[in-house]
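Undergrad: Residue numbers (this note's numbering), protein chains in the order written: chain A, 3 to 415; chain B, 3 to 415.
Everything labelled a hint here was simulated from the structure, so no lab data went into it. Wrong hints could be hidden among the right ones.
For identical chains, the list gives no copy identity; a pair is met inside one copy or between any two copies.
20 Å max Cα-Cα, derived EDC-like pairs, lysine to aspartate or glutamate [what the hints assert, rightly or not]:
| hint | residue 1 | residue 2 |
| --- | --- | --- |
| 1 | Lys-225 | Asp-126 |
| 2 | Lys-131 | Asp-324 |
| 3 | Lys-62 | Glu-19 |
| 4 | Lys-22 | Glu-58 |
| 5 | Lys-409 | Glu-382 |
| 6 | Lys-264 | Asp-184 |
| 7 | Lys-239 | Asp-36 |
| 8 | Lys-112 | Glu-391 |
| 9 | Lys-264 | Asp-128 |
| 10 | Lys-22 | Glu-61 |
| 11 | Lys-62 | Asp-93 |
| 12 | Lys-131 | Asp-178 |
| 13 | Lys-167 | Glu-120 |
| 14 | Lys-223 | Asp-107 |
| 15 | Lys-328 | Asp-119 |
| 16 | Lys-328 | Asp-309 |
| 17 | Lys-32 | Asp-93 |
| 18 | Lys-264 | Glu-48 |
2 protein chains.
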Amino acid sequence: MALIVQKYGGTSVGTVERIKNVARRVAQAKANGDDVVVVVSAMSGETNRLVALAHEIQEKPSPREMDVVLSTGEQVTIGLLAMALHSIGVDAKSYTGWQVAIKTDCAHTKARIDKIDEIRIRTDLDAGKVVIIAGFQGINANNDITTLGRGGSDTSAVALAAALKADECQIYTDVDGVYTTDPRVVSEARRLSTISFEEMLELASLGSKVLQIRSVEFAGKYKVRLRVLSSLENSGKGTLITFEEDQNMMEHAAVSGIAFDKNQARINVRGVPDTPGIASLILGAVADANIEVDMIIQNFGSAGTTDFSFTVPRSDYQNTLDILHKAQEKIGAHEICGDDTVCKVSIVGMGMRSHVGIASTMFRTLAKENINIQMISTSEIKVSVLIDEKYLELATRVLHQIFELDKEPEKRS
Amino acid sequence: MALIVQKYGGTSVGTVERIKNVARRVAQAKANGDDVVVVVSAMSGETNRLVALAHEIQEKPSPREMDVVLSTGEQVTIGLLAMALHSIGVDAKSYTGWQVAIKTDCAHTKARIDKIDEIRIRTDLDAGKVVIIAGFQGINANNDITTLGRGGSDTSAVALAAALKADECQIYTDVDGVYTTDPRVVSEARRLSTISFEEMLELASLGSKVLQIRSVEFAGKYKVRLRVLSSLENSGKGTLITFEEDQNMMEHAAVSGIAFDKNQARINVRGVPDTPGIASLILGAVADANIEVDMIIQNFGSAGTTDFSFTVPRSDYQNTLDILHKAQEKIGAHEICGDDTVCKVSIVGMGMRSHVGIASTMFRTLAKENINIQMISTSEIKVSVLIDEKYLELATRVLHQIFELDKEPEKRS
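Use the sequences and the hints to build the structure in full.
TA: Written as structure tokens, this is what we have:
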């Protein structure tokens, strides 16, 4: 008998019919003899509806009150799912974040979980009940309701799995696992039966939206065995996210997957004096406006000047240009320009640590297709390039092919 | 400086615009120098939406889970109202039932308030904040969410006013006070500036829907000064519900108001043996089906038999007939019949205690219009008659006239 934490997102509980479906799936796990804790999101559309209501009242609502309003979405779902389980004869009980309690810090709308009380959950599990818990929400030291930010239900599930020392945390979503790349772009994309925690972390942060990055970090920190599964299909084992300890279950490949991210815009600051502190002068102004900078490159320029490039989310493109134009004199830049029709394509793989020449294969393959690389950034297990967004599909396809991602690792040449 | 508890119902907070209106009204009270605690209901339609969702999942949902789902309605309103107050520069903080905490018994969907902690409220009031509290909900000893039943927000407001020893509890609704009768039926109906607690109790229980009866009982028990006001109009003092202590503010009239109730059906059980225990035999079967019996009359019959009549809510009419037909043999009744096109009209007034002949004036007035009285029931301060529902408007009109309710009591002949 295992203890399983299952998490169902907004789409999986988006209608009464789908909630009934989830109930049947939970009942199946229970019938298999497992103890089940279920974490649910708000019904899809509900959070957006509540956000819109709040913004109709006030442009920038108080984060505390925003959390009061938003946390109702998940609260409705837990009650409805409990009813759906009762209606098929499964004993179940629902809990909001504060009832558990899931204790967080005070950062309303983006709180972090500090501690989870597990007494009520354990008692109910011991009594044979399914325990249903509202994701995305908690309670801070002032007894105020907090929320964890978008996608926070994944984090709730992983944190609960960690606190309960669950055997597995299953994230049910509208895809049936993690793929070598987006199947809508490359039809040969293959579902990975396993992926290492580190690779998943890179994929999550690189724009692959299967799992929220904080939940993956959390899983890594507490060694929670995480599995991504489809809530729409009944068969399938999904993708298991593994740790070093699970070496024997891991695929051993140089490259495991390809991620891409269209939400990128490039900013160029040309001909700035090549003096210490120039980077912080430029990026400081951007950071002060709460704009997140992703790739950063500084090139040698000519005659004591340097060229500086970085990427920002596309929605912050114009704002970033405006900020820099205002600061242009202070920075002493010759030119400030940019491009918001770029994208980032990344290859990710634990095997890069031991395989050499992976990056050069990537660059050569793109060159062969006349795809110009604008920026490069690397980590131990990934290589990212910034390219013209019109080449996104082509680049992803040829890289998928050259690294033979359509084949199981052991069948690759 | 007074401490005022204001309560706004679902219609008063039914749209974003109306929530903003409520905020302006609260701000006005605050600007007048009063401390304000606001109790709100769910936005109109929201509770019905949630009930419908639950019933789509399960015919008879678990009351505990029903409360989890239903309590979200008020939670959304408190957050939105706090935002609306912030947006006009008023410091405000919202609390759910459990945050206060409003402690109730365990009767889910119809809980009763046991105790209210007032520390958080006092602290915020002392800091100059408006405190907004979700009506209709509380928390039981198990830390489970409870709700007080439909109209429970009135009770929340009165209970809070009692706990805080507020100077006044103002119930804002879509009418501007308590009238001598429904102005849609009698255009001469006059708003009462005051009404005694006992009269209000009779009017509330007789189908006048201005205030929920439990809230009136609560106000009586804890001597909370209650005022009914319009949330749609800005002027007007509404109707103050007074106690014996406020003798000098009270209107002194034989009859204060006329209530009517269309939700009535009459059941006749004819020719039952006139033996002890026959009433409980008949009514026991009805009570076992959770049907609420209102008026009850037992007449002398002939030859050792008796006739038994009572009224039930109209929606329970057929069910009651079915139950009695099944039990007919056991009861030994000659005939079981009924009528669901009846209504109850009642005159209410503290003055009846001292004025004689009120009831006979009522009966004579109805007789003059050829309105047949089917049943009569009386209390110290009211006389109710059951009549054919087609005479409802006529009866109300002629009674309003004969008791001169359109005039202030001191101007009556």
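Undergrad: Does each hint fit the structure? Answer for all of them.
TA: Going through the hints against the structure:
1. Lys-225 to Asp-126: Neither. Shortest intra-copy (25 Å) and inter-copy (43 Å) distances fail the 20 Å Cα cut-off.
2. Lys-131 to Asp-324: neither (57 Å within a copy, 39 Å between copies)
3. Lys-62 to Glu-19: Between copies only: 17 Å across chains, 35 Å inside a chain, cut-off 20 Å.
4. Lys-22 to Glu-58: between (33 Å within a copy, 10 Å between copies)
5. Lys-409 to Glu-382: Answer is neither; intra-copy 23 Å and inter-copy 90 Å both fail.
6. Lys-264 to Asp-184: within (13 Å within a copy, 64 Å between copies)
7. Lys-239 to Asp-36: within (16 Å within a copy, 63 Å between copies)
8. Lys-112 to Glu-391: neither (31 Å within a copy, 59 Å between copies)
9. Lys-264 to Asp-128: For Lys-264 and Asp-128, neither the intra-copy (47 Å) nor the inter-copy (52 Å) Cα distance is at most 20 Å.
10. Lys-22 to Glu-61: For Lys-22 and Glu-61, the Cα distance is within 20 Å only across copies (14 Å; inside one copy 37 Å).
11. Lys-62 to Asp-93: Only across copies: Lys-62 and Asp-93 sit 15 Å apart there, 42 Å inside one copy, limit 20 Å.
12. Lys-131 to Asp-178: The answer is neither: 27 Å in one copy and 50 Å across copies each exceed 20 Å.
13. Lys-167 to Glu-120: within (11 Å within a copy, 39 Å between copies)
14. Lys-223 to Asp-107: within (18 Å within a copy, 42 Å between copies)
15. Lys-328 to Asp-119: neither (50 Å within a copy, 54 Å between copies)
16. Lys-328 to Asp-309: Classified as within: same-chain Cα gap 18 Å, cross-chain 94 Å, threshold 20 Å.
17. Lys-32 to Asp-93: within (10 Å within a copy, 49 Å between copies)
18. Lys-264 to Glu-48: neither (26 Å within a copy, 39 Å between copies)
Hints 1, 2, 5, 8, 9, 12, 15 and 18 from the list above are not met by this structure, while the remaining hints are.
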